[in-house]
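Line order of the protein sequences matches chains A and B. If you're matching positions, the first sequence starts at 1 in my numbering and goes up one per residue. If you're matching positions, the second sequence starts at 1 in my numbering and goes up one per residue.
These are computed hints drawn from the structure, not numbers from a lab. Treat the hints with caution; some may be incorrect.
Unchecked claim - On the chain B side, residues computed to face chain A include the following (Cβ under 8 Å):
| no. | residue |
| --- | --- |
| 1 | S18 |
| 2 | A22 |
| 3 | F26 |
| 4 | I29 |
| 5 | W34 |
| 6 | V36 |
| 7 | C40 |
| 8 | L87 |
| 9 | T89 |
| 10 | P90 |
| 11 | T93 |
| 12 | G98 |
| 13 | A101 |
| 14 | P138 |
Said to hold, decoys possible - Facing chain B, from chain A, some residues (calculated, C-beta under 7 Å):
| no. | residue |
| --- | --- |
| 15 | D21 |
| 16 | C40 |
| 17 | W77 |
| 18 | T89 |
| 19 | P90 |
From a predicted model like this one, the values you see are computed outputs, not experimental measurements. By construction, the Cβ of each residue, glycine as well, lies at the ideal position given by its N, Cα and C atoms.
These are the residues of each chain, in order.
There are 2 protein chains.
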Amino acid sequence: MTDDNELRSGEVAVPLPSATDAGVYFIGIIHTPWKVRGDCPKRGSLDGPVCSIVVDKRWHQALTDIADHPRIQVLYWMHRSRRDLVLQTPIRTGQTTGSFALRSPVRPNPIASSVVALVGVQDGTLLVRGLDCLDGTPLIDLKPDRKSSLP
Amino acid sequence: MTDDNELRSGEVAVPLPSATDAGVYFIGIIHTPWKVRGDCPKRGSLDGPVCSIVVDKRWHQALTDIADHPRIQVLYWMHRSRRDLVLQTPIRTGQTTGSFALRSPVRPNPIASSVVALVGVQDGTLLVRGLDCLDGTPLIDLKPDRKSSLP
Chain A
1 MTDDNELRSG
11 EVAVPLPSAT
21 DAGVYFIGII
31 HTPWKVRGDC
41 PKRGSLDGPV
51 CSIVVDKRWH
61 QALTDIADHP
71 RIQVLYWMHR
81 SRRDLVLQTP
91 IRTGQTTGSF
101 ALRSPVRPNP
111 IASSVVALVG
121 VQDGTLLVRG
131 LDCLDGTPLI
141 DLKPDRKSSL
151 P
Chain B
1 MTDDNELRSG
11 EVAVPLPSAT
21 DAGVYFIGII
31 HTPWKVRGDC
41 PKRGSLDGPV
51 CSIVVDKRWH
61 QALTDIADHP
71 RIQVLYWMHR
81 SRRDLVLQTP
91 IRTGQTTGSF
101 ALRSPVRPNP
111 IASSVVALVG
121 VQDGTLLVRG
131 LDCLDGTPLI
141 DLKPDRKSSL
151 P
């Protein structure tokens, strides 16, 4: 299931491996105001709307003490993206480049990483600002943000 | 397969779901000097040793232009970690807390995210500084680092 099946100029697809190597659990669901990809902001902003991350009941205890962390790294699965492109031509730039030189959703493993501001936590639901994904996106991980010490 | 099967004081495991929801491709392998978990640094440093990330041939074209990015976000699969703990008691602190309030390898989806300095790229292999993972760790994604605009 993809939003965008047509190759643009310069784009190259490769055959995917015949099998995957490990399995991911969807551990919750992300609710945002954006129902189609074209509506999503290019990049989440702390001035953006409050979104909610609803964690499955099985994992609620894992949220213990998460409210101590004002910035959370959210990993989610971009379930609508094709996975077979090695070269891509973003509409925004028109320049063809490698998938690993882009943060596009289209990549072998469609995992996104965003850092959000935690607004509140209640009953297994996090309220956050800073996301830019589609409503209904599956959650796969939450971690305290580690401010990089890189210069 | 886990390095550490015994529960420590305060730790809580839950039953895992009966099936996974999506599949991950291992797209390469990471080579580091650390052969067992106890040898890994607590956190990678740019002053640390050069490590190599060997990308599978299938995905080589996706590395096009990656050398333009001095900082790369690396996602990898911590294949030796158990996935069923919701409360953990790190040896370092002795304090029991939620898995999502820790960056421990033990989590429902054992995906790690590190930002590294790119030293060089040749023939599908990246040389980088800043990793802290085991030798032989499977690679799942490479992205240009997005310096957070968060305050």
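Do the hints match the structure? See the list:
no. : hint : result
1   : S18  : violated, 10 Å
2   : A22  : holds, 5 Å
3   : F26  : holds, 4 Å
4   : I29  : violated, 11 Å
5   : W34  : violated, 19 Å
6   : V36  : violated, 21 Å
7   : C40  : violated, 15 Å
8   : L87  : holds, 6 Å
9   : T89  : violated, 12 Å
10  : P90  : violated, 12 Å
11  : T93  : violated, 11 Å
12  : G98  : holds, 3 Å
13  : A101 : holds, 4 Å
14  : P138 : holds, 7 Å
15  : D21  : holds, 4 Å
16  : C40  : violated, 15 Å
17  : W77  : holds, 6 Å
18  : T89  : violated, 12 Å
19  : P90  : violated, 12 Å
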